[in-house]
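In terms of my numbering, the numbers along the sequence shown are unbroken and rise by one, the last being 242.
Take the hints with a grain of salt, since some may be wrong.
Unchecked claim - Okay, derived cross-link-like pairs now, DMTMM-like style, lysine to aspartate or glutamate, Cα gap no bigger than 25 Å in a straight line: (1) Lys50 - Glu230; (2) Lys18 - Asp58; (3) Lys50 - Glu168; (4) Lys136 - Asp114.
The hints are simulated quantities; they were obtained by calculation from the structure and are not laboratory data.
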Amino acid sequence: MLSLFTILRPHPRRVGLKPGEVVLTFDDGPNLQDNVTPSLLNILQQHSVKAGFCVVGDQVQRHPEVVRRMHQSGHLLINHTQHHEHPVRQNTATLIDEICSCDRAIGEAVGLPDYRSTLFRAPFGIVTPAVRRAVKRTSVQQVLLTHYGWDTRVGPKDYRPVVDIMLENARRLRGGMFVFHDGNLCPQKKLEPDWNRSVENRSWVPEAVDRVITELKADGLRFVLPPQPEAESQTHQQAQAA
1 MLSLFTILRP
11 HPRRVGLKPG
21 EVVLTFDDGP
31 NLQDNVTPSL
41 LNILQQHSVK
51 AGFCVVGDQV
61 QRHPEVVRRM
71 HQSGHLLINH
81 TQHHEHPVRQ
91 NTATLIDEIC
101 SCDRAIGEAV
111 GLPDYRSTLF
121 RAPFGIVTPA
131 VRRAVKRTSV
141 QQVLLTHYGW
151 DTRVGPKDYR
161 PVVDIMLENA
171 RRLRGGMFVF
181 HDGNLCPQKK
191 LEPDWNRSVE
201 NRSWVPEAVD
211 RVITELKADG
221 LRFVLPPQPE
231 AESQTHQQAQ
241 AA
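All chains, please: the whole structure from these sequences, using the hints.
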């Protein structure tokens, strides 16, 4: 049932991955609080790993230089809407506008006025009938997940069990598509006055990603980009070779 209403598909084969392939995606950024996203990009560069960044248009407009760095480094930019509103509260027309507005923000950031996304992830991973219609009408492909670790519910003091479970899942299934949230756009039920315990504090994400890459590479797994439409994949490869 989850696959009907969310982006979760609990096996690598169901998201187009080959045995041994791992995809990392990052949602809700870019985020410069505690230098999270730039530090994350540094970690990925150190490991020569490319990833998918599900960026929010509002955040792109605040930090276009970080999005340019993502693009120039060979990471995939994935449309995550302009304002990250919950899909349940949006109709098809609103969602289409959200997708198009985010595209404009990305295009301005990377210097491509006619930029059009081919990849999309719905906010909160919720797939409503309106989301399905918007996806079809904008000709984008949804970026799925094989595991969701609820990392938005943990902070620097208690994130390690979330990473342990993610690693166990990747080892057991020999791959998968995973998400960390470098941004902090998911609303919280209560505010935590201690920033070091706050779930809005994403400063732990780069360290966690460093551990995930190090351990899974040691286990013989390979990090790859999210599956793309064939034409987009060829364009991306050509851009990398240029």
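- Item | Straight-line alpha-carbon gap Lys50 to Glu168, limit 25 Å | holds (22 Å)
- Task: Would you mind confirming whether the straight-line C-alpha gap from Lys50 to Glu230 stays at or under 25 Å?
- Result: holds (18 Å)
- Query: Would the pair Lys136 and Asp114 pass a check requiring their Cα atoms to be no farther apart than 25 Å?
  - Reply: holds (19 Å)
- Task: Compare the distance between the alpha carbons of Lys18 and Asp58 with 25 Å, and conclude whether the hinted pair is satisfied.
- Result: Not OK: Lys18 and Asp58 at ~34 Å, beyond 25 Å, violated.
Going down the numbered hints, you'll see the structure goes against just number 2.
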